[in-house]
Amino acid sequence: MSPTQGGQSGPSVTERVLGILSAFGPGAESLTLSGIARTAGLPLSTAHRLVGELAAWGALERGEDGRYRIGLRLWEVGALAPRSLGLRERAMPYLEDLYEATRQNVQLAVRDGHEVVYVERLAHPEAVRVFSRVGGRMPLNATGVGQVLLAFAPPAVQEEVLAGPLPALTPRTITDSGDLRRTLAAVRREGVAVCDGMVDLLSLSVAAPVRGEDERVVASLSVVVPSAGAEPRMIVPAVRAAARGISRALGAPSARRRPAGVVTPLPTAPADASP
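If you count the sequence shown from 1, position 87 lands on 87 in full-length UniProt numbering, and the numbers rise without skipping.
One or more of the hints may lead you astray.
Claimed, not checked - Between beta-carbon pairs, the in silico distance windows are:
#1 A101 to L201: 19 to 29 Å
#2 T170 to A101: 26 to 36 Å
#3 V13 to P125: 43 to 53 Å
#4 L18 to G197: 30 to 40 Å
#5 L72 to A156: 31 to 41 Å
#6 R172 to G113: 21 to 31 Å
#7 L72 to A185: 41 to 51 Å
#8 T46 to E96: 44 to 54 Å
#9 V77 to S177: 31 to 41 Å
#10 P125 to G71: 24 to 34 Å
#11 G63 to S177: 41 to 51 Å
#12 A228 to R67: 37 to 47 Å
It should be emphasised that the hints constitute simulated quantities derived from the structure, not laboratory data. For each residue, glycine too, the CB sits at the ideal point set by N, CA and C.
Work out the full structure, taking the sequences as your base and the hints as a guide.
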């Protein structure tokens with residue numbers, strides 16, 4: 001922290017730069033310099049200097065309209081994140097197969113704290129709309145991939161999320177901790193999550209866990225289909241098979257020894273987490 005007048009500490013240069021980058025997001029993909037300064041809480045002169053340095057490096061790009069956007073250089077660095085890099089490469093053939101089989105939206109996600117982060121998405125132009133995007137975040141309790149990741153998360157993480165608050169995206173989103181606890185127990189038993197209308201009333205998702213070489217759940221994949229007329233039991237086998245294929249590619253021993261289409265969840269939660 002750098003000293004300021006009165007002996008108080010102000011934000012460091014790193015914190016100011018991160019504040020500038022954090023100003024961008026859904027609905028704020030492009031910003032004026034004054035908009036960046038206002039959102040980041042910086043004097044205009046400071047924002048001008050730091051934004052200029054970020055643009056020179058390639059983290060930001062200035063368009064012909066004078067507005068700034070996230071630059072390709074930052075995307076290149078972000079794409080090297082180890083949890084997404086190797087995972088996406090190994091998962092892509094199975095995601096593509098699942099996409100071809102369903103012609104619906106296929107998603108791959110990991111957990112970051114109490115949120116889901118989407119690392120890949122294949123979207124069919126005629127499929128039901130989805131609100132996820134690569135690099136986007138959603139609450140764990142509201143999504144199929146999130147419920148899978150939470151169900152197999154460390155017990156301490158589960159209890160932190162269950163303590164709330166649990167965000168509601170639609171009237172169907174699970175916001176009661178008791179209901180969510182019972183849902184997570186069912187996900188562990190069945191090895192699959194089915195979320196109907198919890199992100200959007202028009203869509204339903206079926207999600208399954210992806211395991212790494214140490215058998216821990218490292219990701220989750222899902223298919224999102226129209227809620228009206230959906231028959232989850234017809235989708236579950238394909239989702240499970242794709243998740244098992246990715247797990248096998250990641251070196252999960254259980255994915256190698258079990259017959260195709262059979263998933264036996266390995267509980268990581270305390271025994272009293274079951275209903």
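Here is how each hint holds up against the structure:
1. A101 to L201: 19 to 29 Å: holds (25 Å)
2. T170 to A101: 26 to 36 Å: holds (27 Å)
3. V13 to P125: 43 to 53 Å: Between V13 and P125, where Cβ atoms are some 44 Å apart, the hint holds.
4. L18 to G197: 30 to 40 Å: holds (36 Å)
5. L72 to A156: 31 to 41 Å: holds (38 Å)
6. R172 to G113: 21 to 31 Å: holds (24 Å)
7. L72 to A185: 41 to 51 Å: holds (44 Å)
8. T46 to E96: 44 to 54 Å: Holds: the Cβ-Cβ distance is about 46 Å, inside 44 to 54 Å.
9. V77 to S177: 31 to 41 Å: holds (38 Å)
10. P125 to G71: 24 to 34 Å: About 28 Å separates the Cβ atoms of P125 and G71, which means 24 to 34 Å holds.
11. G63 to S177: 41 to 51 Å: holds (46 Å)
12. A228 to R67: 37 to 47 Å: holds (40 Å)
Violated hints are absent here; each numbered hint is respected by the structure.
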